[in-house]
Each structure stands twice: as structure tokens, then as C-alpha cells.
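*Asks:* From just these sequences and the hints, can you work out the full model?
Line by line, the protein sequences are chains A and B. No gaps in the numbering here: position 88 of the first sequence is 87 in numbering that gives the first Met the number 0, and each next residue is one more. No gaps in the numbering here: position 406 of the second sequence is 405 in numbering that gives the first Met the number 0, and each next residue is one more.
Calculated directly from the structure, the hints in this document are not laboratory data. Do not rely on the hints blindly, as some may be mistaken.
[Stated by the list, open to error] Calculated lysine-lysine pairs in the DSS-like style (CA-CA distance at most 27 Å, straight line): (1) A:K61 x A:K30; (2) A:K144 x A:K87; (3) A:K30 x A:K120; (4) B:K17 x A:K171; (5) A:K171 x B:K16; (6) B:K43 x B:K244; (7) A:K61 x B:K43; (8) B:K16 x A:K120; (9) B:K49 x A:K55; (10) A:K158 x B:K16.
All values reported here derive from a predicted model rather than from experimental measurement.
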Amino acid sequence: MTNISDIELVQGCVDQNRFYQKKLYERFARKMLGVCMSYSRDTYEAENILQESFIKIFENIKRYQPTGSLEGWIRRIVVNTATDYYRKKKRIKFSEVNLEDAEYMIGDLDLDSFAVRDIIKAVQELPEGSRMVFTLYAIEGYTHKEIGETLDISVGTSKSQFSRARMLLQEKLKRNEQRESKRFL
Amino acid sequence: MSNESLNDFYNQNRFNKKLRERIDSFEPELSDSLWDRIEHDLVKKENRSKRAVWMVYVMGGLLLLSGLGIYHLANENQKLAEAIKNQEEVLQQEIYTTPEVRVEREQFPDEIIAENGGASNTAPALSNTLTIAPNVRSGRTEASTIGMNPHPSQQALISEELGEENAGELLDAEDNEEANQALMPLAPNDKLESINTIASAPVSAFTVRPTHPHAKFVQARKGKNIVPGRVRPYVGLTSELGSNKQLVKGPYAARFNHEHPFMYNSKGLQFGVKFRNGLFVQSGLSSSVSGANLWYDFKETFNDTVPGIAGPDSLVAGKTHVVNKQFWIDIPVQLGYIYSLNSNWALTGQAGITYSIINAYSGFEPNQGFSGMDQAGEARPHHPFKNYWSMSGSAGIAYQLGNNWMIDLQAQYRRGLQNFNGQSLPNHPNRTNEFLGGRLGIRYIMR
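*Replies:* Structure representation (C-alpha cells):
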């Protein structure tokens, strides 16, 4: 029973078999928690989103078509749950952005020099609206039009929020980098 | 696009790609309790869907019953209409068209006929002839079919005329009294008596045979069915029996694997007023001391703490039997409706709120291990009486016995409108009650 195929997992979950549900959770939960963390302020919120996502996954797994990737299907539910989570709470605030300032700050940044946890932490520290736009665009590959439809904002707002997010993210990462290097001087 | 823009576009894409790779490779540690929370939610949803399926069956059953009832009622009405029509035709034929034997009697005095509104008004009571006609329905010739039993002195004549086997039996006047009232206008008793004394062949009891099969049914519908009747107060007894469960909400819920419901039984009084259109308002007073034997399956690990209790949680993992005796006094205020299917059966439903006064004490079985404040076998002191609101709804069938009694059996659902916060269980603030079961009631309707 160590190598259970995706099809077997899905069938077990369709039958509401708790064993297979747990196996599905064990296979994807950690990766999906990483996804949730990039949308949330902290781990507590990320776990709440993940919990809600898995309930939706188990409720809707009979709709999954085996022609597509199971991980991709699960990820989509997680992302939708994350955006719904904030939209329902009406917590997304999009502050004004000066695009010229934002564009000015765009530059090259070597992400390999940072630990993933630090990158995630920096993403989590972004303002809510910017963080949502940034994650959907940079990580999920949504277009600004799709983001606009998902978050009910204009394409322009999506673009400006993304630029602001990148600017802030680079600032945070650079600041952390400087802090780290000073520590070793 | 300028070189600078192209460069920036390239940088952006590279940045995004790298970021995606890094985040995709990130697999943080999961909290131990996360799966337990998901499983708890799944169990709750599964139970809810099972309950929904059960409710669909119940509602389907009730709909089927009501459909059958309505069909039966419509059928009966149609039969009744046909029977009445047939009866009218039969009476017409019997009285006016198909006399076979006429037993001549003396003419009643004109003044007696006049006093009774003329012969047409009271015929055949004041008819001067006793008409014996064939009963179209039964095919027999019966002396009584036209609405009057012959005097015993006439019976011999009839028997002689028709033969013993065709003469029929005299009907018991008492037996047909109800049908008489329903079907025929009666001359006043004193007039009948005077007729009896005046007539040379005196008429015995003035009786009419219920010549169609639903005559008594007509009488029953008119006299018994209390639903469409006028406003009437009622009193009665009620009993509830079913499964009661304490719903645990919020983070506190995460510590349980399962909770087992317990049997709840209450008995009490009910009283109310039934209005003309079937609506009724009801209240009552019932109590339950059946209390609660709760079985909890506590998880091994849980991070939440109990609000109101300092420090870590006090209960250990494992199956736990909690004796939580509760004394309830319920005062419901409900609005209901009775839909009459026929003179005996009705559909009924009611909904409202219940004000409960609860007194409780808790204890634990000695074979369970506990830490902190809850020691094995320890009985907590009685909590003071507290107030608690809940809402309830029930639906089912009712059966009417005689003119005054009604028994009803209903499926009932009740749920607390508030938590036990500061109520009977002060340490369990996120709990409320849920009851699913049956309700049996009997009412005496005053007329």
C-alpha cells in the first residue's frame, strides 16, 4: 500500500474512505501549505485556508477528471480558497501606488541567495492587496486581466499593485541581506 | 519596445520563474492537529448529510401520507357525492314513482297537517298513506325505505302482503337517530305524539333507514371533525423521546474525535387554543431528569485551551464517560397548524421557541484517568438554575378520537439558540444542544 496511484487515491476519496483521504492529505498537504503561506499573513491563517481547501477537495473530488494533473487540480482549489478567504472577509485593501516610483525600483535580484522561508516571510509581510496580486501573478502565472476578474479590480490596479509588491519585496529582501552580511562582518 | 523595457521584461520573467521554483520547492512542516481538524469537519459534514438524507425520507414519507390522505379524502367526497345523488334518485323513485303496495290509513286531520306546514313540508311523516316501495339499492322491498316504520299492528299486514322474507325488519330508532338528524327534517316530538294518538293506525317511532352507505359518514364529518370548528381551548400531555447531542463549536471542538449522543426523554403538560382555520397556539410545561450520559473521545494532542480555564487543558486523551445529569424545565411557545385529511386523520406541524431552566451537575466514572481539576469519579457540585433558549420544529400526523381527544405523533428537531456560556456548564462555553427525535402528545379539546 506504499505506492498508491493518484487514480486509486481519487477513487478512495470518492468512496469517502478515510484511509485514502488521509493518504491524499499526506501526499499534498505540505506543498499546498507552502502555497497557502504565500497568500496569508502567517502560518495560522495558512493552515485555516488549507483546512478549508481540503474539505472542498474531498467534497468535490468526484468532479476531478483524471485527464488533468491531480496536483494542478488541488492547487487550483487551494488558490481559489485562498482568494475567497480574503474576499469573503473583505479584508483586501489596495493602497494607492505611485507607478513611477515603483518602476524606478525594479531591478535585478538574485533569489538563490535567499532561503525560501525568508522569501515567504517577505511575501507574507506585504500589504494584503499587493500580496494577493503578486502571488497570483508571479507564482500562479495569472494575467492581470484574470487577476482583475478574480479580485474584482481593474487591470491597472492589478499592475500597479504588482509593481508595488515587487518593489517592497526587493526592499525587504535587500534589507534582510544587508542585516545578515553585517552580522558576519 | 526600448532595450530598457525589454531588459526589465526579461528580468521580471526571470524573477517570477525563479520565485515560482523556490516557492514550489517549499514544503513546510504541518501542524499535528491539522488532519484531526479536517477529519472533524469531514465527520460533521458527513453526519449532516446523513441527517439531511434522513430528513428527506421523513419529509417524503409525510408528503406521501398527506398525498394518500388527500386522495382518500377526494375519493370519499366523490363517493359521497355520488351516493347522495343516487340516494336522491332512489328517494324520488321510491316515494313518488314506484309504489307497489299502499296500506291505506285514515286521513290526518287538516289542522294537524296545517300546524306542520302542510303535507308537502313533512311528508312522509304526515302522509296519509304508508307507502312500501322497493329499495332500489338493495333490490329488496322493505317497509321502512320510505322513511317510516310501520306500527307493529301494521307489520302483520305488510308481512301478509309481501311475504315474511320481503317485509324487512323494523329498524331500531336509536340506531338511526343520527342519520335521521342528518338526512330528514323531523316533525316535533309533541306533534308526533299527537299524530300517534289521533291516527287510527298510529305511527310508531319516526325513523328513516340510512339508505345510502355514507349516511353515518356524513353525520361523523359534521359532528366530529374539530379542525374546521370554532375556536377551542385544549389541554393535554406530551412526551419527547430522542437523541440529544451537545454541539461543540470553535477551537474547543478540535479536541474531540467523536461525541456520542444520549437519549433524552421529557414529559409534561401542554395547553393551547385551536383557531377556526386549523392554526393553533400552544404552550406547556415539561421536565426531564433523564439527563445526559455523555461519551467523548478526546484526542491525544490538541493545542487549544479551554476558555475560562487557566493553563493547559485538564482532560486526558481517550474515551471518556461523563455523567452530566441535567434537570430541565421546558416552557415552549409554539405556533402550529392542523390540516384535516378526514374526520379522524390530520397532518400537523408546529414551530417555536422554548425557554428552558436548567440545573445540572457533572461527574465522571471512576475508571477514567484525569488530571487537573477533573478528578476521576469526582462529582461537581450542582450548578445553579440557569436560563437557556432554543428553537424547535416538529411535523407529523394526528388522530382524532371521538369528539374531544386528539393524539399526535411528530418528528421533532430542536437546537439551542445560545451556548452554555455561563449557563449550566460554565467551563464549556462553546456548547449548545441539538435534539432529534419524536414527540407524542394527547390533547383534550374542550367543546
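*Asks:* None of the hints should be skipped; say for each whether it holds.
*Replies:* Consistency of the hints with the structure:
This hinted pair checks out: K61 (chain A) and K30 (chain A) have alpha carbons roughly 22 Å apart, not beyond 27 Å. For the hint pairing K144 (chain A) with K87 (chain A), the CA-to-CA distance comes to about 21 Å; that is within 27 Å, so the pair holds. Our distance criterion of 27 Å between C-alpha atoms is met by K30 (chain A) and K120 (chain A), whose separation comes to about 16 Å. Restraint check: the Cα-Cα separation between K17 (chain B) and K171 (chain A) comes to about 17 Å, which is no more than 27 Å; the hinted pair holds.
A hinted pair counts as satisfied when its Cα atoms are at most 27 Å apart, and K171 (chain A) with K16 (chain B) qualifies at roughly 19 Å. Distance hint between K43 (chain B) and K244 (chain B) is fulfilled; the C-alpha atoms sit about 12 Å from each other, no more than 27 Å. Taken as a hint, the K61 (chain A) and K43 (chain B) pair is honoured in the structure, with Cα atoms around 19 Å apart against an allowance of 27 Å. With a C-alpha separation of about 18 Å, the suggested pair K16 (chain B) and K120 (chain A) falls inside the 27 Å cut-off, and the hint holds.
Taking the CA atoms of K49 (chain B) and K55 (chain A), the gap is near 18 Å; set against the 27 Å cutoff, the hint holds. Of the pairs offered as hints, the one joining K158 (chain A) and K16 (chain B) holds, with about 18 Å between alpha carbons and a cut-off of 27 Å not exceeded.
Of the numbered hints stated above, none is contradicted by the structure.
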